[in-house]
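Sequences and hints are given; from them, build the entire structure.
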Amino acid sequence: MTQVTVRAPAKINLHLGVGGLRPDGKHALATVYQAVGLYDDVTVVEAADWSVGLTEPIDGVPLDEANIAIRAGRAITAHHGLDRAARITIAKGIPVMGGMAGGSADAAATLLALDRLWDLQTPDDDLLRIAGTLGSDVPFALLGGTALGTGHGEIVTPVEDNSSVWWVVVLSDEGLSTPAVYGHFDELAPDAPAEPPTPDALIEALGHGYTDEIGDLLANDLWPAARDLRPDLVDIEVQLRSRAPDGVLLSGSGPTLLVLHEDVEEARATVADLTAEGHRCTLAPGPVAGAHVVTYA
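According to full-length UniProt numbering, the residues represented by the sequence shown are 1 to 297, in order.
Just so you know, these hints were derived from the structure itself, not from any lab.
Each hint should be verified, as a subset may be incorrect.
To be verified - SDA-like cross-link-like pairs, simulated, lysine to any residue; straight-line CA separation at most 25 Å:
1. K26 x T150
2. K92 x L171
3. K92 x E65
4. K26 x A219
5. K26 x T178
6. K26 x R227
7. K92 x R74
8. K92 x T133
9. K26 x A194
10. K92 x L63
11. K26 x L54
12. K26 x P179
13. K92 x G278
14. K26 x Q121
Structure representation (structure tokens):
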């Protein structure tokens with residue numbers, strides 16, 4: 001093979017429980033991830049040196065060694081003791097700086113694509129361990145579906161999920177810095193527990209596939225910090241809740257907002273109404289599969 005393309009999904013956090021700041025500068029998390037149908041496609045081709053590019057220019061995506069996709073490439077070659085490199089091309093479909101882990105999806109897709117390009121046959125457990133060194137959300141982007149994330153989010157355990165839902169993804173023209181949101185969380189919650197509790201009720205509702213219960217149990221400990229940093233999100237949240245959907249949620253550290261619907265026609269109507277009111281939004285099903293190969297050449 002000379003070229004491989006891997007598709008990886010966006011993630012949302014149906015529950016994001018955040019512990020207090022640890023001495024290592026990280027936070028313990030108890031989160032329930034769900035992969036949703038917005039995707040980045042990553043194509044890799046062997047090259048003399050590492051490089052990364054986009055199919056279309058997008059502000060906020062580094063095109064140098066700071067890009068997590070190159071870090072992923074270097075990590076998997078180091079794991080196998082290889083002196084090889086690749087050109088990485090990313091087609092972005094996941095919002096940038098929207099709290100939906102687009103960079104993590106790119107890293108996961110790069111790991112899988114290079115493994116297939118060079119026929120490395122990396123065991124799944126090793127891929128997950130490598131992914132965990134790159135970022136909290138990267139292992140889940142490999143796994144997909146719905147999963148419980150513990151540690152600082154990198155330890156993922158699949159969760160039975162019999163729901164089939166539609167998310168209206170309400171985008172923002174301005175990003176929200178993840179470090180800034182976590183920093184403000186630390187200011188607002190100085191007594192946060194070291195280990196946040198596992199959301200057992202939500203996990204049970206997912207197993208039953210009860211959308212109403214799932215909607216009632218959506219939670220995000222970063223919401224107060226995001227509201228303070230971006231007061232405009234408060235008005236949008238009120239507007240979204242007034243439509244009486246099955247649930248409303250902040251995606252990760254924001255600023256993307258999510259509206260839960262069980263019925264796809266109701267979800268499409270919400271997209272149409274919000275678009276008419278001047279919002280940028282799209283529709284995404286959940287849960288969906290994790291990173292997977294879409295083309296070989």
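Hints, verified against the model:
The suggested pairing of K26 with T150 holds, with an alpha-carbon distance near 12 Å, which does not exceed 25 Å. A hinted pair counts as satisfied when its Cα atoms are at most 25 Å apart, and K92 with L171 qualifies at roughly 15 Å. Among the hinted pairs, K92 with E65 is consistent with the structure: their alpha-carbon atoms are about 18 Å apart, no more than 25 Å. Annotation: proposed proximity of K26 to A219 holds, straight-line Cα distance about 20 Å (limit 25 Å).
Of the pairs offered as hints, the one joining K26 and T178 holds, with about 12 Å between alpha carbons and a cut-off of 25 Å not exceeded. This hinted pair checks out: K26 and R227 have alpha carbons roughly 22 Å apart, not beyond 25 Å. The hinted pair formed by K92 and R74 meets the criterion: a straight-line CA distance of about 21 Å does not exceed 25 Å. Distance check on the hinted pair: K92 and T133 sit about 23 Å apart at the alpha-carbon level, within 25 Å; holds.
Restraint check for K26 and A194: the C-alpha separation of about 11 Å stays at or below 25 Å, so the hint holds. A distance of roughly 13 Å separates the Cα atoms of K92 and L63; the hinted pair therefore holds under the 25 Å criterion. With a C-alpha separation of about 30 Å, the suggested pairing of K26 with L54 is violated against the 25 Å cut-off. Note on K26 and P179: the hinted pairing holds, with a Cα-Cα distance of about 10 Å set against a maximum of 25 Å.
For the proposed pair K92 and G278, the alpha carbon gap of about 23 Å is at most 25 Å, so the pair holds. With a CA separation close to 32 Å, the supplied pair K26 and Q121 exceeds the 25 Å bound.
In summary, the structure is inconsistent with hints 11, 14 from the numbered list given earlier, while agreeing with the others.
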